[in-house]
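Construct the complete structure from the given sequences, taking the supplied hints into account.
Note that the protein sequences, when read in sequence, are chains A and B. Numbering of the first sequence is given in numbering that gives the first Met the number 0, commencing with residue 0 and proceeding in unit increments. Numbering of the second sequence is given in numbering that gives the first Met the number 0, commencing with residue 0 and proceeding in unit increments.
If you are wondering where the hints come from, they were derived from the structure by calculation, not from laboratory data. Heads up, some of the hints might be wrong.
[Stated by the list, open to error] Short derived list, chain B residues pointing at chain A, Cβ under 10 Å: (1) D32; (2) N53; (3) N55; (4) A58; (5) A61; (6) L62.
[To be verified] With a straight-line Cα cutoff of 30 Å, these simulated DSSO-like cross-link-like pairs (lysine-lysine) come out: (7) K26/B x K139/A; (8) K131/A x K75/A; (9) K11/A x K75/A; (10) K98/A x K42/B; (11) K4/A x K114/A; (12) K11/A x K89/A; (13) K9/B x K110/B; (14) K4/A x K139/A; (15) K42/B x K75/A; (16) K26/B x K114/A; (17) K26/B x K110/B; (18) K26/A x K26/B; (19) K110/B x K42/B; (20) K114/A x K11/A; (21) K69/A x K26/A; (22) K114/A x K139/A; (23) K69/A x K42/B; (24) K26/A x K42/B; (25) K69/A x K131/A; (26) K26/A x K114/A; (27) K42/B x K114/A; (28) K4/A x K42/B; (29) K11/A x K98/A; (30) K26/A x K131/A; (31) K75/A x K4/A; (32) K98/A x K131/A; (33) K7/B x K42/B; (34) K69/A x K11/A; (35) K42/B x K89/A; (36) K89/A x K69/A; (37) K26/A x K7/B; (38) K4/A x K98/A; (39) K139/A x K42/B; (40) K42/B x K9/B.
Predicted, not measured: the structure shown is a model, and the values here were computed from it. Don't be surprised by glycine CBs; every beta carbon is placed ideally from N, CA and C.
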Amino acid sequence: MSPIKLSYQVEKDDFTRAGQASSSIKKVLRQLGIEPQILRKIAIATYEAEMNIIIHSEGGSIDVDISAEKITIIIKDRGPGIENIELAMKVGYSTASQKIRELGFGAGMGLPNIKRCSDEFRIESSYGEYTKLEIVIYIK
Amino acid sequence: MITVEELKNKLSLEVIGGEGSLSNVIKNVYIGDLLSWVMAHMKHQDAWITIQTNTNVIAVAALGEAACVIIAENAEIEDVTINKANEEGIPLLRSNLSAYELAIELNHYIKDK
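Quick look at the structure:
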């Protein structure tokens, strides 16, 4: 299988289209015959990442690279960056506003959920500039 | 084993959207309103009971492969949520019962599966 690449732009505060990128990624991977359990992990990770861009960032992108062995997902936003990554990784910690919480988000589970679903997980952030996640999920 | 359509008839649920997918089979039930939590714990073919009605509910249900979404206590549902349910083919139902009361009723049908 030659590598397949998918790329999605995700806009800030775009709640009406929220979930479209993750939904589209899932559809492509299902067509490629990825196992349901792995598909589920990818769906959770990409959905949480997509929501993080919408809720917390100035907008960003999700890039998916599919090879025969693994799925690599790069999520990069245009800021404002995470001040304290250790705190952001803690279950239950969230900086989401009351309005966002009323929509059912802001449980402080996004990043921990992504990490739990990933075989490899890297996060880097430059406060004031960007946050980048690199997630790898093995399919073999 | 029970389908969404059968459940709808037994509990007199109101069909709000996703009518084309009422033949979905319900295997289990999940209750929750925090979307990330639901996303992490809901299983394939669960009937998901919630009072959350914004459009993101449908995205979570679609990605989590819920059999249907049941809105408890007649909570008001936005048009954009209904349209999304139709688009994604997620049965969106509503009841005047509470999540607890719905769970008790559902238990009769799920345990016989």
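Going through the hints against the structure:
1. D32: holds, 6 Å
2. N53: holds, 5 Å
3. N55: holds, 5 Å
4. A58: holds, 3 Å
5. A61: holds, 6 Å
6. L62: This interface hint holds because 4 Å falls under the 10 Å limit.
7. K26/B x K139/A: holds, 28 Å
8. K131/A x K75/A: With Cα atoms ~4 Å apart, K131/A and K75/A stay inside 30 Å; holds.
9. K11/A x K75/A: holds, 13 Å
10. K98/A x K42/B: holds, 28 Å
11. K4/A x K114/A: holds, 22 Å
12. K11/A x K89/A: Within the cut-off at roughly 23 Å; holds.
13. K9/B x K110/B: Roughly 15 Å between the alpha carbons, so the hint for K9/B and K110/B holds.
14. K4/A x K139/A: holds, 18 Å
15. K42/B x K75/A: holds, 29 Å
16. K26/B x K114/A: holds, 28 Å
17. K26/B x K110/B: holds, 9 Å
18. K26/A x K26/B: holds, 22 Å
19. K110/B x K42/B: Holds, at about 16 Å.
20. K114/A x K11/A: holds, 22 Å
21. K69/A x K26/A: OK: K69/A and K26/A at ~17 Å, within 30 Å.
22. K114/A x K139/A: The hint holds at about 19 Å.
23. K69/A x K42/B: Answer holds: K69/A to K42/B is near 24 Å, not above 30 Å.
24. K26/A x K42/B: This hinted pair holds, its Cα atoms lying about 18 Å apart.
25. K69/A x K131/A: holds, 19 Å
26. K26/A x K114/A: holds, 22 Å
27. K42/B x K114/A: It holds: about 19 Å lies between the C-alpha atoms, which stays within 30 Å.
28. K4/A x K42/B: With Cα atoms ~28 Å apart, K4/A and K42/B stay inside 30 Å; holds.
29. K11/A x K98/A: Holds, at roughly 15 Å.
30. K26/A x K131/A: holds, 24 Å
31. K75/A x K4/A: Satisfied, since the Cα-Cα distance of roughly 16 Å is no more than 30 Å.
32. K98/A x K131/A: holds, 25 Å
33. K7/B x K42/B: Holds, at about 20 Å.
34. K69/A x K11/A: holds, 29 Å
35. K42/B x K89/A: holds, 24 Å
36. K89/A x K69/A: holds, 27 Å
37. K26/A x K7/B: OK: K26/A and K7/B at ~28 Å, within 30 Å.
38. K4/A x K98/A: violated, 35 Å
39. K139/A x K42/B: holds, 22 Å
40. K42/B x K9/B: The given pair, whose Cα atoms are some 23 Å apart, holds under the 30 Å limit.
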